[in-house]
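**Q** Protein sequence lines correspond, in order, to chains A and B.
Taking our numbering, the leading residue of the first sequence gets -5, the next gets one more, and so forth.
Taking our numbering, the leading residue of the second sequence gets 1325, the next gets one more, and so forth.
Keep in mind that the hints were calculated from the coordinates and are not lab data.
Given the structure is predicted, the values throughout are model-derived calculations rather than measurements.
Among these hints, one or two may not hold up.
In silico contact screen, one side only, chain B against chain A (beta carbon under 8 Å); selected entries [said to hold, decoys possible]:
no.	residue
1	Thr1348
2	Thr1362
3	Ala1369
4	His1370
5	Asp1387
6	Trp1391
7	Asp1448
8	Leu1449
9	Phe1455
10	His1457
11	Leu1458
12	Ile1469
13	Gly1535
14	Glu1690
Derived pair list, reagent style SDA-like, types lysine to any residue, alpha-carbon separation capped at 20 Å [as the list claims (entries may be wrong)]:
no.	chain 1	residue 1	chain 2	residue 2
15	A	Lys146	A	Ser91
16	A	Lys9	B	Arg1342
17	A	Lys42	B	Ile1459
We put the CB at the ideal spot given by N, CA and C, even for glycine.
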Amino acid sequence: MSESQDFVSRRTMLKTAGATLGAAAFARALAPVAEVVEELGAEEFLQKHYREMTPAELEVVLRRIEADALENYGAEVHVRDVRPREGVQFGYALNLSVCIGCRRCADACHRENNHDRRTNQSYIRVLEMQQGSFDMEHGDATYDHAVPQPGKYYMPVQCQQCDNPPCVDVCPVEATWKERDGIVVVDYDWCIGCRYCEAACPYHARRFNWEAPEIPAEEVNPDQAYLSNRIRPQGVMEKCTFCLHRTREGRLPACLEACPTGARVFGNLLDPSSEIRWVLANKRVFVLKEELGTRPRFFYFFDE
Amino acid sequence: MQTKADSHWVSYPRFLARALWSATDGGVTFYAWMTGLTAIALVGAHAWATQVAQGMALTGMSDHVSWGLYIANFTFVVGLAAGGVMMVIPAYLYRDHDMHDVVIVGELLAIAALIMALLFVVVDLGRPDRFWHLIPLIGRFHWPISMLTWDVVVLNGYLLINLHICGYLVYMRYLGRTPDPRWYVPFVMISIAWAISVHTVTAFLYGGLGGRPFWNTALLAPRFLASAFVTGPAFLVLLLQIVRRVTTFRVPESPIRTLIAVMRVTVLVNLFMVFAEVFTAFYTGGAHATAARYLYFGMHGATGLVPWIWSAVALNLFGAVVLLVPALTRRTALLDVALVGIFVGVWIEKGMGLIIPGFIPSTLHEIVEYVPSLIEWRVTAGIWALGLMVLTIALKVALPWMQTAPAHSHDG
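Okay, chain A solo, but in the shape it has when bound (with noise of 0.2 Å):
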């Protein structure tokens, strides 16, 4: 009887031994979450979803934000919240006709929403297409050679701010929607970092954040808001808003200002009189990819 109960007790005791053996392994496994679980604070972790903050709980988030790029960017910056305007609906209109291949456009619109240098991400990806077809499939992305090239055209791509857009269906929380003047914005503060958005895109217009973002401090672009371009977190998607920063005030994209050819045409639909409404008024417009559904904002032109 005692033996058994020797036994036992031994048997408990070495069981005990191997459990908190366990438990400090798995401690010192898991360490270098433990770092990451410090740095982020209880009011980050706890934050609202972005349509449900009231004005003054989204002043705190925004001061918070430039207090971190601050500190992790040495970048003095502002952060505003821009609003939709009433009456004003985007639409953009891309000439391919006139469209050279240059891709400052692609060059612009990595500076002014403050894309990591390393990887020299932007939202804007130029094909250069074979003259006579239209199938993407003989088209080059990645070309490194002058421009323009005989018997080629340029077809630049970025975010068609879908009228049905497939990437807010298949969210699912919630972080990216199409807000009242027709951009579909993201909640960087509220995606998880599924990535299901950006399977779903047919456009290849999202772009996650594998890590932080790097940029030198000089470099930062301190005319930030919430949902366009402040310096995204790491590990989640981002895209781009129509630079909604500057549009919402009545500027003009970051990518058309650059285009040196004229190639691209920026509007209100709405406006009768607003040169996108004459470009699809007087133009053969389509756009890409019509057979989806996905009823784009983003139209392309030829000029003959």
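For chain A, the structure is supplied; the task is to place chain B on it using the hints.
**A** Below, chain B without anything else, positioned relative to chain A:
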């Protein structure tokens, strides 16, 4: 009645303590097995922690191929969980008594596989700290529009149903009582329909994306089910043979025969559906076939998946031949090799062979290849090790008590 209700407050904690004791008690082989699995799981945990801290750039994924090994494994283990139902149907719908004695093995497999599936989703998140955004009522649950929210519902629901059934049956055995069919048979019936839905929803996750022609096919959900009903039984037959060897639990021969009979059909249905998709793609050609062409033959010098998929085809064909020739099926060693082959074959076909070509070529028709990084392999191995730990513990706790049951008394 009062005393009976009160007694659960005492006996249930006692039952849990007893379960914990027997889960951690065993011979040298058991400790060696569990220590080995713990070591692999810890390596995986550390790899995941590193990935969370430094970012998912440590994986082989990119904006072009945004899902990789994790989601490939997720898809496969959901099928494994659903495949467990192939024991439940004979046991409860066809009243197969021998199957009834071992059906709990299938239900426990479902539990272990579901835990793995949930973990594979968690390790794929860029911001796991924000998981609570996905909890209904607390976060913003995009139901019923997002298929991913449906998946959260069906996976967790299936896990709870199986935990309830197994937990209830084992607890009743512990108390020495006959389980009351009212407390588990309805849940068993629900679990049969639920198993189908679990894998259907997972297929719709991909099949619903219009921008990905490789996945955008109505055949995807039937294909998922067929392959689940191949891998589930394959794993269970192997598992039952191991249980027979390393425990004193009585495993009758007829459940194994039944599972093999199921596989004879499903392995052919699965191969036929793969063939039907290959035919549609290649006979038509053009843009519809690009992903299939990349997968089977490579494209513009990019051939990352070609050896994978042809190994899968060979393994599946080999397995089918062994299963369909009765003389070969009777040779246990050969049968086991075939089952392992089929298991690995479907793991490739439904994992890397399904997820990766969905992204190659990309939606702008670029070809960017994907190779899993060492971090991804470590995390994946860690989750598989953890799944095997869960399964081992569950069997270890449940089987001795299930065996003490009076035969067939719990017939529903």
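**Q** Does the structure break any of the earlier hints, and which numbers would those be?
**A** Result: no hint breaks.
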